[in-house]
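Chemist: Dock chain to chain to rebuild the complex, using the hints, since each chain is given by itself in its own frame.
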Amino acid sequence: MSEDFERLNLRTAQQSQILDQYRMNIYNMELRINLVIKMMEEKGVFAAGEFDKRWPLYLSNDVGAIGPDGVMEGSLRIKFYGSD
Amino acid sequence: MRIIEITKDFNLNGVDYKEGERRVMAEDIEAQFRSLHGEKIGMSYPIETVYRKYEGQDLTDKKLMIWRTGGIGDMMFLSPVLRHLKKKYPSCFLRVASGCKQPLENLPEINELYDMPFDAKLLEDVDFHLIFQGIIESSNEASKKTHAVDMFYSYFKIDSTHLPAEDKKPQLFFRKEETEWRDNALRGLGITEEDYVIGIQMETSAPLRNFPKEKLKTVVDILAKEKNVKITLIGSKQQETIANFYKGKSENVLLATNFNVRQSIILATRYDIMISPDSFMIQVAGALDKPLIGLYGPFPSEVRMKYFKNAIGIEPSVVCSPCFKHDFRACIKGHPSPCFTQIKPEDVLQATDYMKHKFTGQHFLFMDQMLKAPDLSEIEKYMLSADKGVCFFGGYYEHPNIVRVDNNQFVKPDISDLNTKFNRESYPFVLYMGPIGFSPKNRAVYDGCKGMIRPGGHLIIHMVTNATEQFFDDVKKDIGDFKFIILHSKYEHSNRSFTIVARKPY
Chain A
1 MSEDFERLNL RTAQQSQILD QYRMNIYNME LRINLVIKMM EEKGVFAAGE
51 FDKRWPLYLS NDVGAIGPDG VMEGSLRIKF YGSD
Chain B
1 MRIIEITKDF NLNGVDYKEG ERRVMAEDIE AQFRSLHGEK IGMSYPIETV
51 YRKYEGQDLT DKKLMIWRTG GIGDMMFLSP VLRHLKKKYP SCFLRVASGC
101 KQPLENLPEI NELYDMPFDA KLLEDVDFHL IFQGIIESSN EASKKTHAVD
151 MFYSYFKIDS THLPAEDKKP QLFFRKEETE WRDNALRGLG ITEEDYVIGI
201 QMETSAPLRN FPKEKLKTVV DILAKEKNVK ITLIGSKQQE TIANFYKGKS
251 ENVLLATNFN VRQSIILATR YDIMISPDSF MIQVAGALDK PLIGLYGPFP
301 SEVRMKYFKN AIGIEPSVVC SPCFKHDFRA CIKGHPSPCF TQIKPEDVLQ
351 ATDYMKHKFT GQHFLFMDQM LKAPDLSEIE KYMLSADKGV CFFGGYYEHP
401 NIVRVDNNQF VKPDISDLNT KFNRESYPFV LYMGPIGFSP KNRAVYDGCK
451 GMIRPGGHLI IHMVTNATEQ FFDDVKKDIG DFKFIILHSK YEHSNRSFTI
501 VARKPY
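Top line first, the protein sequences correspond to chains A and B. Just so it is clear: in the first sequence, position 9 is 9 by our numbering, and no numbers are missing. Just so it is clear: in the second sequence, position 412 is 412 by our numbering, and no numbers are missing.
No lab work stands behind these hints, which were simulated from the structure alone. Treat the numbers as computed from the prediction; the structure is a model and nothing was measured. Heads up, a few of these hints could be off.
To be verified - Pairs of lysine to aspartate or glutamate residues, derived as EDC-like cross-links and limited to a Cα-Cα distance of at most 16 Å, are as follows:
#1 B:Lys40 x B:Glu30
#2 A:Lys79 x B:Glu39
#3 B:Lys88 x B:Asp159
#4 B:Lys87 x B:Asp167
#5 B:Lys333 x A:Glu73
#6 B:Lys8 x B:Glu39
#7 B:Lys333 x A:Glu30
What the hints assert, rightly or not - To list a few chain B residues with every Cβ distance to chain A over 10 Å, as calculated:
#8 Met1
#9 Gly71
#10 Leu123
#11 Thr146
#12 Ala224
#13 Arg262
#14 Gln263
#15 Asp272
#16 Val318
#17 Lys333
#18 Pro338
#19 Cys339
Stated by the list, open to error - Residues from chain A shown here face chain B by an in silico Cβ test under 10 Å; the list is partial:
#20 Ile26
#21 Tyr27
#22 Glu30
#23 Val71
#24 Met72
Just so you know, even glycine gets a beta-carbon here, dropped at the ideal spot from N, CA and C.
Only chain B is shown next, with the shape it has when bound in the complex (with noise of 0.2 Å):
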């Protein structure tokens, strides 16, 4: 961090700079700046040199300035941290800087709020100074298990072991116009008060930490088709296009992407329930104690969401995650991050339909057509021509008999393909993967065996035939293990098959 010195007025995003101005800012904003209007600015030099850091004084009567550059998501970690100060020290006076105000703003324990970079004259008239760049960032072991917000608070030198989740939930303060303005940007949407409002994030700073856009995808395209629901991607201006891709034609999506950031934490006050990868959507719903699903691949979403009220997070368990990279690059392991192929659309899907559940008592219509009883002389039709109509979400399932059927919409959009890919004759079944995880303990014992797990969550094993009735009460035990509602099982002695249908409860 540094102070700068203006010699020529200029006028950067908007913002004035007068001569004789010293500012405040990062080493890397001021590299930024002297690239730009370089001929206008002199000297530079430390902020050690006027710098009095706060290290958990009394502030009883006395002044505080805090800043940092940025990070939305990081700035909402830094709202509890300051109601407990002007509870602890209600005589004191906070003067906070950001290059990400926005999320801070109207908060009543903030005396001041300023952009970065700031007049270096603020520092002056306070007694304690605190820059709090690079805590979450750091990396260390601490960061690995804390959540953020612990982190700040011990940055502050505040014990926050003893203190409840709701003194580390990070809290939102509206104005009466702000209100009212997002009513109005609500009905320029489109959206009523009888929809129900699902508000999705789309991408993070990170490439690394993005949820695979074909995925989310599928989330949208299952989500649009619901009656009476409307999804909201939030993004700024340069995700248009892509905002655009997920729409597709669907009148069910709109796009949140001409908004800036204040606004977009406006409008989420009227959303049912949020889904994000890992960023600052996910730090406003958790302080609107809204519903949330939390998707998650380079960090563990418990450092990130632990004090919220409603929250799901989704996140892989594989050899290298959590890595807890900050990169604002790719994985170096490819593009998704490899980790996210363990989060499939229809965790999301399930996990979204979950809180509607909860908080509205109502199933998404997707779901209830998974969760009835099976026909069973539907799916012995359907076993029977198992080569058609082949799966809804793409699935995974190791196992020799199993085809597995990637049916990535994004990828192949003409499931009628399928029927020309999988005769009957070569996989007389298909083993269809659903939102359900069934993982067969001994896979052996379904050597020879095909099955099918069809839309909707229902298992069905069919062994054609030479099977013994061990064998099929070693399966039937198997599928019990896994807490499978058997629905239907047969065992023909005449040619020593069998016939299994199951189903996961929801």
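Chain A on its own, in the form it takes in the complex (with noise of 0.2 Å):
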């Protein structure tokens, strides 16, 4: 089994959460990047009072679904498709 594993390139959690928490990271400055780009296309401006306003909007509408554990907040949906 250990062999499995190395093979994978599977890591420790605790290698895994500092990965996860760096790709947080990265993510979260490309939203706020994002956003300022937005701001700047709309206004010609960037004004960072209004970032700050618009900021945990902008985050809740994305990255805030997922959750510090990865799991992202949602549902499942089943098709069923042909003969039912």
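Modeler: Right, dumping it as structure tokens:
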């Protein structure tokens, strides 16, 4: 079993957590940049105060959907196709 | 798409390229050719110089050449359109070239089938050309709502709105020698006629669309314990390592990683059911009318499976899905794609069992056990020692009183760990969220309540003390609203406690 794990390049829980944190940080940064770009496109200028106002809303619409455990908020859809 | 001139003979991937030939290929393939055999390749020029685009013209007694570089599943979407063209213009001549031509082999409507990159001479004696590159990858608004086959139809300027589903389903044809090969290969794999064969495609070409490995492992492990069941793991030679991981020590799990695409398609004719993420095996199983479970994340199942006869699409409903990303990379939000957190192994197992029961009238053993009515004395015992033997599947349920147990065997192979982790004083009862969706409308109602849903889908709610009778009725009603069948409910006036045992109908 341990060989399998090595071959699959599985990481320890701690390493995964650090990596996940990096990933989230990068993603968070990308989101921030996206919002800045969006605001600049809308207004032509960037206002820090307004960014602070809009950021929580922007965040809750996107990255907020993933909990700290990596589970994404939502539900499941099961669709039947064909004779049913 | 470009035409390149070969200036010196060379061989690449087993194909001979002769001096003086002109070959048609996509820009990225040209770049690869130049990096490997740059000195043997001369000028190249864009296809537009010779391109006579087909735009829905009458094809009576005409010749049409169609080509595309890759995408095995995408080639499957082409077959209904070609069938339609041949039916409408029986005298037309269809020439097709593709980097993944295997699904189109033996199709009666195709007159000539070539590999990519093909000889540019083939373009000369035809009346019309059509490159169908980038149709479903375009990610425009239409592609988000329209089935891929309808997208292909519209690319050929055919209105498919009123065509029956049968005309939009891919077809596959096999030669006699291919079926003979299949019988031999099945014997080689150790599959007998009595076996119920489950085909599982392990991975897609894009990590973004891959179902999480640890969840698939759970599905494989549970199905592998069934009697007379053989699981065939479909993938390429490169996926052998992960296939061996899924297989573990189980003899019922077979590796089908040594077969080429055509052979994998031929073998699929024997499978009783197919489980696959969003990839070509979905289209193969759909074309063969096989029961099919599709695991979708970035795309809605509807745009890929709508016209199939016996298919179930399992997909998440989360804020960013469907994202319609075609990237050959991982999801920006993490890998595996977090939208898949909504699909649990038990959802896949339950869907698989649903299909098996529908076509054979029999459940899997795991489901038989789950469907058994609970022995109430057993449950009482279980509730009093809920710290023991908790859960078989992982589950999620958000409530402060509920202990969330993730018993993912991949991460925690030893369930006995749970004995030390959960002691009775702290957690008299553990709620197990099984393959049933239960989400109380009014979560506040459950404050102070300790509940458990045990494997098998039995919901047990037990209020230790201080529960009013009204509260007892509220909980019962709430459970009833979720279409649970209440098997047992008891209110103790002496200590104001209650117990409810319910089951989700299957």
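Chemist: Give a verdict on every hint.
Modeler: Results of checking the hints against the structure:
1. B:Lys40 x B:Glu30: Distance of about 12 Å is within 16 Å: holds.
2. A:Lys79 x B:Glu39: Distance ~54 Å between lysine 79 of chain A and glutamate 39 of chain B Cα, so the pair is violated.
3. B:Lys88 x B:Asp159: This hinted pair holds, its Cα atoms lying about 13 Å apart.
4. B:Lys87 x B:Asp167: holds (11 Å)
5. B:Lys333 x A:Glu73: It holds: about 13 Å lies between the C-alpha atoms, which stays within 16 Å.
6. B:Lys8 x B:Glu39: holds (8 Å)
7. B:Lys333 x A:Glu30: Distance ~10 Å between lysine 333 of chain B and glutamate 30 of chain A Cα, so the pair holds.
8. Met1: With a cut-off of 10 Å, methionine 1 of chain B remains clear of chain A, as the shortest Cβ separation is near 33 Å.
9. Gly71: holds (22 Å)
10. Leu123: holds (39 Å)
11. Thr146: Threonine 146 of chain B is indeed farther than 10 Å from all Cβ atoms of chain A, at 16 Å.
12. Ala224: Non-interface label stands for alanine 224 of chain B: nearest chain A Cβ at 16 Å, farther than 10 Å.
13. Arg262: Answer for arginine 262 of chain B: holds, closest chain A Cβ roughly 26 Å.
14. Gln263: holds (26 Å)
15. Asp272: Correct as stated: the minimum Cβ-Cβ distance to chain A is 16 Å, above 10 Å.
16. Val318: violated (3 Å)
17. Lys333: violated (6 Å)
18. Pro338: Since the minimum Cβ distance to chain A is about 4 Å, proline 338 of chain B lies within 10 Å and the statement is violated.
19. Cys339: violated (6 Å)
20. Ile26: Constraint on isoleucine 26 of chain A satisfied, holds at 8 Å.
21. Tyr27: Because about 6 Å separates tyrosine 27 of chain A from the closest Cβ in chain B, which is inside the 10 Å limit, the hint holds.
22. Glu30: holds (7 Å)
23. Val71: holds (5 Å)
24. Met72: It holds, given that the least Cβ distance between methionine 72 of chain A and chain B is near 4 Å, below 10 Å.
In this structure, the hints that do not hold are numbers 2, 16, 17, 18, 19, in rising order.
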